[in-house]
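*Asks:* As you go down the protein sequences, you meet chains A and B in turn. With the numbering used here as the guide, the letters of the first sequence map in order to residues -17 to 390. With the numbering used here as the guide, the letters of the second sequence map in order to residues -17 to 390.
These are calculated hints, taken from the structure and not from any lab test. This structure is a prediction, so every number in the text was calculated from the model and none was measured. A couple of the hints might just be wrong.
Calculated lysine-lysine pairs in the DSSO-like style (CA-CA distance at most 27 Å, straight line) [as the list claims (entries may be wrong)]:
# : chain 1 : residue 1 : chain 2 : residue 2
1 : A       : LYS232    : B       : LYS0
2 : A       : LYS(-12)  : B       : LYS(-12)
3 : A       : LYS(-12)  : B       : LYS171
4 : B       : LYS(-12)  : A       : LYS171
5 : A       : LYS29     : A       : LYS358
6 : B       : LYS57     : A       : LYS9
7 : B       : LYS0      : A       : LYS(-12)
8 : A       : LYS(-12)  : B       : LYS57
9 : B       : LYS363    : A       : LYS176
Estimated spans, in silico, between C-beta atoms of each pair [said to hold, decoys possible]:
#  : chain 1 : residue 1 : chain 2 : residue 2 : range
10 : B       : PRO265    : A       : LYS271    : 24 to 32 Å
11 : A       : GLU52     : B       : SER369    : 49 to 57 Å
12 : A       : ASN357    : B       : PHE40     : 16 to 24 Å
13 : B       : PHE40     : A       : PHE65     : 53 to 61 Å
14 : A       : GLU52     : B       : ASN178    : 44 to 52 Å
15 : A       : GLU195    : B       : THR342    : 55 to 63 Å
16 : A       : PRO(-6)   : B       : PHE40     : 27 to 35 Å
17 : A       : LYS358    : B       : GLY66     : 52 to 60 Å
18 : B       : HIS17     : A       : ASP39     : 17 to 25 Å
19 : A       : TYR268    : B       : LYS164    : 51 to 59 Å
20 : A       : PRO(-6)   : B       : MET135    : 34 to 42 Å
21 : A       : GLN72     : B       : ALA137    : 42 to 50 Å
Covered stretches of chain A, going by a simulated chain B footprint (3 or more residues, C-beta under 8 Å) [what the hints assert, rightly or not]:
#  : segment
22 : -17 to -5
23 : 18 to 24
24 : 43 to 53
25 : 175 to 189
26 : 218 to 224
27 : 286 to 297
28 : 310 to 322
A virtual CB, placed ideally from N, CA and C, is assigned to each residue, including glycine.
2 protein chains.
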Amino acid sequence: MPTISKRGEQMPPSPIRKLVPYAEAAKKKGTKVYHLNIGQPDIETPKPVLDAVRHSDFTVLEYSHSAGNESYRRKLVTYYERFGIKLNHQQIIVTTGGSEAILFAFMACLDAGDEVLVPEPFYANYNGFAVEAGIHVRTITSNIESGFALPAMEAFEKAITPRTKAIMICNPNNPTGYLYSKEELSVLKALCLKHNLYLFSDEAYREFCYTGEHFSAMNLEGLEEHVILMDTISKRYSACGGRIGALVTKNQTVLDAVMKFAQARLSPPSFAQIAGEAAVDLPLDYFDKIKAEYQSRRDVLVKMLNDIPGVFCPNPGGAFYAIARLPIDNADRFCQWLLESFSYEQQTVMLAPATGFYATKGLGADEVRLAYVLNKEDIRKAMICLSKALEVYPGRIVVKEEVLEKGH
Amino acid sequence: MPTISKRGEQMPPSPIRKLVPYAEAAKKKGTKVYHLNIGQPDIETPKPVLDAVRHSDFTVLEYSHSAGNESYRRKLVTYYERFGIKLNHQQIIVTTGGSEAILFAFMACLDAGDEVLVPEPFYANYNGFAVEAGIHVRTITSNIESGFALPAMEAFEKAITPRTKAIMICNPNNPTGYLYSKEELSVLKALCLKHNLYLFSDEAYREFCYTGEHFSAMNLEGLEEHVILMDTISKRYSACGGRIGALVTKNQTVLDAVMKFAQARLSPPSFAQIAGEAAVDLPLDYFDKIKAEYQSRRDVLVKMLNDIPGVFCPNPGGAFYAIARLPIDNADRFCQWLLESFSYEQQTVMLAPATGFYATKGLGADEVRLAYVLNKEDIRKAMICLSKALEVYPGRIVVKEEVLEKGH
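Construct the complete structure from the given sequences, taking the supplied hints into account.
*Replies:* Quick look at the structure:
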């Protein structure tokens, strides 16, 4: 029997999905599971977006242009204009989800053995795409005390090697919810210019910012040839299953290279390009409502988390994720225990252990990621479950502030 | 400015699409261009397949399971049963087009520097996926005189090195239309068992066989752990834009590895999975009509080609492609000249130079690939154009049989 590749062995399994069998078992026992573990929004896909597909009247489901339908790319030009990003449609390559934009950027810009620097914790699938491209993700640790702000410039400088070809951020961030400021982006700009690096900017959650305005890497003046934007309609319009994203850059050499990768796989999906095109025509106040909804969920979640003894959760500035520090011995064990051994009024909660978002061993062992993709009532119930769970979890530890309280 | 990767440089541009600007220029001059250059069928996508999407009534366009919707995979089990291929739904991973199935197989089974053996001429995008995976396509030449039958076992034996990990075929073949026999597959089985190789079988055109029954590599007894099937709904149901394919194998280790690649990119497109599921429910005589249509087109095309002095076209057994040898100096020059400098009654024809389907330099220089994806009337007109073109093409050469005729 032939063996699989080393790459196939090294490919990391999804850290988020490994708890799925325990959740399924809990449901079989009749336990209601609140899913705060994955970034699948519960918000309805806007009706005009789905209707555009349902009312389409073509007779042959043809390949589109490898870069995506020109009509859609021209529409995206007007979308980006709203953020002061001036493009022509040939600077946009429509991809199969944001995932493919990431893979194309890795493939077109880095060779096997090259390195991309990413602040950790980070979106775990970057690891998978790195293995596929044969490159290395090197991390600079951000920490929960600062709310996961950008690490200091010196930390990046120390991590840069002759193989470093790019810095990558997700802004606002998955998994931390941190919203990078214009000043932080300027630090990255200085680093990229000094060391001749690409800046990969994953801006999937651009519209969901609560503590300030989003500043896109595409608007960094003088860095036009360095910046590659990875984008997607997945979270923006609750259209994850469409698998439509985009790679955007002003660097013509990169565009030419990426087009060859795009041609090899022929075209991005046709149905969801129709959906994506209709989405750009949604009334501009569409995001006001969605953003207000996410923001009020965040407020409930973060307050209830911080009200639980021993729990600390910084207030995330964007996206729909938060990372909380819990008074526990081991996040993987705790999250499994929640599904396997705990229930409160026949309910429990599914969380993502933060260990899966760190590359540095040992980090994230007392942290979990929570995606606030449930309505507020469910979030409240889920937080009550979590609170009750922490009262009885056998691996509960006593944290410093509690010791201090007891000392007084 | 940072440089792109060597991989980005090495990535081959699409050999089929490089003539597109010349076609566009011809059309601007008012010339009608008959497109025989690409495998985009003109046949309508079956209405029930499109209607399944158009009548869908979900409210959130969610991620599907990374392996594809379970309901679709279970439906595919019944589809494969029709060909005597017995599977369970967990042996099927739904992919984003057949393209992704190929890339996943390359990534999961081969490491950088490993080799896959492919009879040439072959589907050019295998090259692109090979560059992405860092592997090498090594070719064994098949020839037009034998109708592109499988090269002799000895030719494979000679080409196998310690780095060879797989043999890959497309059956029936793109670009040659050749339908491999059960006996030829048995030769490949013997080779794979002897040298412990995977057999990658791209069966995108399974239903379109005219000279015999299709024999799937999945039905090679005793080779279950070696065979990986790459499949797609694109050509079968004229659904190229759906981007739905499948990787199918009974090798559990490969399935486990491929699942990790599938999880990294989250899920295949949701809309077209609905289309694919509906397609399995089409009446079984659907293919009778489509097959009869393609077969009658093939008959017109091949006869008219062989009636042109100096042209030779073997009768393809399947798919909707034929390769013809033309009395020309250089296929790339000729195909460009057809668009740039020729027209007959304000019409011309666009062909794919066969050079793009060979890895061995110099081969295919007097061959073109023709995709019979136009109706018979258009094929007739296109063949008249081609005939007229060959009368006046400045690079026309005199071939042996013509010399013989003149000698008599």
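*Asks:* Would you list, in rising numerical order, the hints stated earlier that this structure does not obey?
*Replies:* 7, 8, 9, 10, 11, 13, 27 and 28
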